[in-house]
Amino acid sequence: GESVGLHLPTLSVQEGDNSIINCAYSNSASDYFIWYKQESGKGPQFIIDIRSNMDKRQGQRVTVLLNKTVKHLSLQIAATQPGDSAVYFCAEIDSNTGKLIFGQGTTLQVKP
Amino acid sequence: GAVVSQHPSRVICKSGTSVKIECRSLDFQATTMFWYRQFPKQSLMLMATSNEGSKATYEQGVEKDKFLINHASLTLSTLTVTSAHPEDSSFYICSAIDLGQGDRGYTFGSGTRLTVV
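Protein sequence lines correspond, in order, to chains S and U. Going by my numbering, 4 is the number at position 4 of the first sequence; the sequence numbering is gapless. In short: position in the second sequence from 1, add 112, done, that's my numbering.
The set of hints was computed from the structure by calculation and includes no laboratory data. Virtual Cβ for every residue (Gly too), placed ideally from N, Cα, C. Don't take every hint at face value.
Unchecked claim - Straight line, CA to CA, 16 angstroms or less: simulated EDC-like cross-link-like pairs of lysine to aspartate or glutamate:
no. : chain 1 : residue 1 : chain 2 : residue 2
1   : S       : K42       : S       : D84
2   : U       : K132      : U       : D200
3   : U       : K126      : U       : E171
4   : S       : K68       : S       : E39
5   : S       : K56       : S       : D31
6   : S       : K99       : U       : D210
7   : U       : K153      : S       : E39
8   : S       : K99       : U       : E171
9   : S       : K68       : S       : D55
What the hints assert, rightly or not - Here are the computed distance ranges between Cβ atoms for each label pair:
no. : chain 1 : residue 1 : chain 2 : residue 2 : range
10  : U       : G212      : S       : K111      : 38 to 44 angstroms
11  : U       : T192      : S       : R61       : 39 to 45 angstroms
12  : S       : G41       : U       : C125      : 15 to 21 angstroms
What the hints assert, rightly or not - Covered stretches of chain U, as calculated for chain S (at least 3 residues, CB under 8 angstroms):
no. : region
13  : 126-134
14  : 156-163
From just these sequences and the hints, can you work out the full model?
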């Protein structure tokens with residue numbers, strides 16, 4: 001069935017460096033994407049979202065890029081901090097059902 | 113902002129017993145709530161969509177008689193794991209939609225760690 005997947009299960013970066021987390025999606029009808037951060041033992045926390053009519057969206061230290069041609073989504077975190085260590089999920093909303101479908105997830109490890 | 117409260121945060125039960133997990137929207141009304149299950153180092157898997165005043169819609173492969181969902185009010189949905197077995201041990205997370213926030217309104221509870229012994 002339709003799914004949203006991630007390329008890398010674990011990403012390790014040095015504190016202060018920029019992080020890039022990638023995601024591939026398969027449902028070409030999806031028009032809304034969200035990045036979530038999940039810390040151990042907690043529920044997902046909204047980070048940033050983007051609609052399909054946009055290529056880029058920036059937040060505080062985070063940027064999401066959307067390439068609809070290749071169905072690729074990325075999350076960029078600037079000046080990564082130890083507090084950014086968590087699992088990051090991309091998710092898409094099925095425009096027909098309203099269901100929020102999660103991708104595989106990437107564990108971000110920030111080394112001091 | 114929208115807050116979803118999930119209770120209990122942790123529960124240990126014996127095999128064969130049933131466990132009820134509550135999901136409450138504290139400052140908004142949620143006609144739709146979602147229940148997810150997450151195994152260690154895996155993603156969130158959608159189990160079912162809970163609709164206020166009507167039957168839940170279950171995803172393929174999820175046993176509706178085992179995972180009973182009740183959404184009797186606009187602020188409360190419950191998931192009951194019946195006749196629990198060790199393989200039901202998992203992290204269960206609910207999400208409620210706050211229509212006042214549009215598409216951003218998917219707010220998650222803090223999850224329930226279920227351990228069946």
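For each hint, the structure was consulted:
For the proposed pair K42 of chain S and D84 of chain S, the alpha carbon gap of about 14 angstroms is at most 16 angstroms, so the pair holds. With a C-alpha separation of about 13 angstroms, the suggested pair K132 of chain U and D200 of chain U falls inside the 16 angstroms cut-off, and the hint holds. A threshold of 16 angstroms between alpha carbons decides the hint, and for K126 of chain U with E171 of chain U the separation of about 26 angstroms lies outside it, so the pair is violated. Distance check on the hinted pair: K68 of chain S and E39 of chain S sit about 29 angstroms apart at the alpha-carbon level, beyond 16 angstroms; violated.
With a C-alpha separation of about 14 angstroms, the suggested pair K56 of chain S and D31 of chain S falls inside the 16 angstroms cut-off, and the hint holds. For the hint pairing K99 of chain S with D210 of chain U, the CA-to-CA distance comes to about 14 angstroms; that is within 16 angstroms, so the pair holds. Taken as a hint, the K153 of chain U and E39 of chain S pair is honoured in the structure, with Cα atoms around 12 angstroms apart against an allowance of 16 angstroms. Pair hint K99 of chain S plus E171 of chain U holds up; C-alpha atoms about 11 angstroms apart against a cutoff of 16 angstroms.
Between the alpha carbons of K68 of chain S and D55 of chain S the distance comes to roughly 8 angstroms, so the proposed pair stays at or under 16 angstroms and holds. At roughly 40 angstroms, the beta carbons of G212 of chain U and K111 of chain S sit within the given window of 38 to 44 angstroms. At about 41 angstroms, the beta-carbon gap between T192 of chain U and R61 of chain S stays in the expected band of 39 to 45 angstroms. Checked against the hint of 15 to 21 angstroms, the pair G41 of chain S and C125 of chain U passes, with Cβ atoms roughly 19 angstroms apart.
Counting residues of the region 126-134 of chain U whose beta-carbon sits less than 8 angstroms from any beta-carbon of chain S gives 0, not enough to reach three: the coverage restraint is violated. Residues of the region 156-163 of chain U with a Cβ under 8 angstroms from some Cβ of chain S number 4, which satisfies the need for three, so the listed coverage holds.
Violation of the numbered hints given earlier is confined to hints 3, 4, 13; the remaining hints are satisfied by the structure.
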